[in-house]
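> My request is simple: use the sequences and hints to build the entire structure.
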Amino acid sequence: MDYDLNHIGSIGRIKDGKIQIFRDNRWEDLLIKGVQINSFTPGYARNKSSVNKSDVKKWLKQISEMNANVITIPSIQPPSFYNAIFDYNLEAKDPLYIIHEIPIDEKIILKHFDAFNKEIYNSMKKDISRTIDVVHGNGLIFDNSRHHAGIYLKDISAYVLGYIIGTNTNAELVTLTNLKNSHKTDYDGMYFSVSNGKAFEVFIGELMDFAAGYEIDKYKQFSLLSYVSTMETDPIDHKNESNATRYANINLENIIGKSESKIFASYAVHPNTYDFFDYEERDELVFYNYLLDINNHHSIPVLVSDIGIPSSRGMSKVDIDEGFNRGNVTEIQQGEQIIQLLDYIYESGCIGAVVYSWQDDWSKTTAFNLIEDYSDQSSSTYWYDPQASDESFGLMAFRPKGKEYGISIDGDFKDWDYFNPISKDYDIKVTSDTSYLYLYFKEEGLSLTDDKIYIGLDITPISGSRYWEDKVEFPIPVDFILEFEGYNQSRIVVHERYNLFNYLCKYYSNIIEKQENPPDINSNIFSAIYLLNRKHFYFRDTNTVEHPVYYETGRFVYGNANPNSSEYNSLADFNKEGDAIEVRVPWMLINVKNPLRKYAQGDFYSKGLDSQVYINHIGISLHYQGKNERFTTEKLTYKIPSYKHIEYDHILKKSYYILKDYWKDN
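With positions in the sequence shown counted from 1, the corresponding number in my numbering is that position plus 4.
Honestly, the hints are just simulated from the structure, not real lab data.
The hints are all genuine.
Below 30 Å or equal to it, Euclidean Cα-Cα: the simulated DSS-like pairs (lysine-lysine) are: (1) K97 / K62; (2) K648 / K418; (3) K122 / K222; (4) K446 / K428; (5) K368 / K405; (6) K407 / K65; (7) K580 / K631; (8) K648 / K61; (9) K97 / K57; (10) K224 / K22; (11) K129 / K115; (12) K446 / K580; (13) K602 / K407; (14) K456 / K418; (15) K580 / K658; (16) K368 / K643.
Everything numeric in this text was worked out from a predicted model, so none of it was measured.
Here it is, written out as structure tokens:
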């Protein structure tokens, strides 16, 4: 069917290398200040969220107050989510414009690794048509487990700038599609064509043509289109890329609009994702100069559609160039690093950026965290793991309500008044929530610099020791020991038989160094707890290998974790004021893989990585060496509660306010 595209509806267009919107009866340039938002809230299974419309409207208001003008939606959300967008934009003075992403089905990719396979191809077309129907208020979905379902009746298309297709595309799919379909180099569609391209670019051209045709035929609207690239699939040559990814280039310049330009380039580019990017041949400002290369390559507008820094305790990747690490970043550092990245993005000539993400999303798994691979993900959307970097990208966090949950590590200790000591002789208290185990100890004259405090934790009955060499002796075998020696040297160590890092990186594989034999189950050695940040990295040109990078995640940070404090440090693990000390320990740091179901790691040396043990109690013993007193407690017991019916506050992180001030002036 032929249309006069000048009379097809669209709120966005591309002109002179910019995205423009039609507002107040004229076209104007739009510098995109975006945030990705989804419907995640704690307490619902993956893709089963029942987010309240009022919550989403509140979030949208806060996003607008942050001076953002665009939201991206990563996949189809529940109907209440779109209802909230419709109502909010109808009432708002300045609406939030929308870019809807359409992900590719990762499970189907793993089956075929050929984009032209009928299952992949038809799945993408179905997801495109479904997404377009949803934003036009004409969706009915009941048969898909990959995203939400329901009846979609609110038409938000008046605010939709466009669609980004292909999130989750991996480099292997691109490479193998090109190899298997090398004869596919051209495409001549109704709205887009490809000439002398690669097979995967033909695939993209066909999808864009389908998307445009579907929306024009059914809804008389022609929205902007893009296909997302990453550093692995960008058109830039990276010297140290692997053979599997160096031929995975996607060049959207090869896809041409037949009447007017409707294509923009979009890049999901985090400087802390790919190892090869650490060794780019750029002397300084590596990420900024990379963005310059991207913009110089393109004649079409470039949007960084996914950029962020997580404020997690655990760090999964390290950026050796500029310190944009994937985790182990405070909320304040998160905000400061995001605006530094945004400076690079805007100054390099991009049309804008989308910050990932609005809220922390506990359903995300950290692909670079070997230890998280062996956590129990069956209940992951119900509890927050501070050790998992990819759960903490949000500008908003969820914190448990109620005085029985969520101790504030700030040296105030009023939170502890609700709890009774677990010892009849000493002032020792313990509590927990779905993220942390909390401990409190008070002793007259307590000093962190002069005294020594050891707290032993007995997690499982199948490992542990009463002794830590010649340092301390407990009345029970313990798996972990919290060692407090000063403000900067305190840490937690693990019985070597229960050290998951050593098992994964030394025994199961030899990423660090080869460990030939399992540790003796009766060993009295306790060792540091590490997280891996990068495996060996091979330089093809010089035939040399860079050693792995890992860091001691068991080191405790002293500070004040109360957001209302002028000395706020969101990474603070412990605090000491007067005669008392308090500490919080993430469950995953002590090998509790699912605190809701009360499962801890089993004896992986004898039963493998999937082994687990049910724990209902934690055994505790505290050893104290002070100037005037020295004692070791008897075995104390903490019963792990059943975490049911927990409600959560929605808390704006400090990074929110930093970004708000930045976008106000930029």
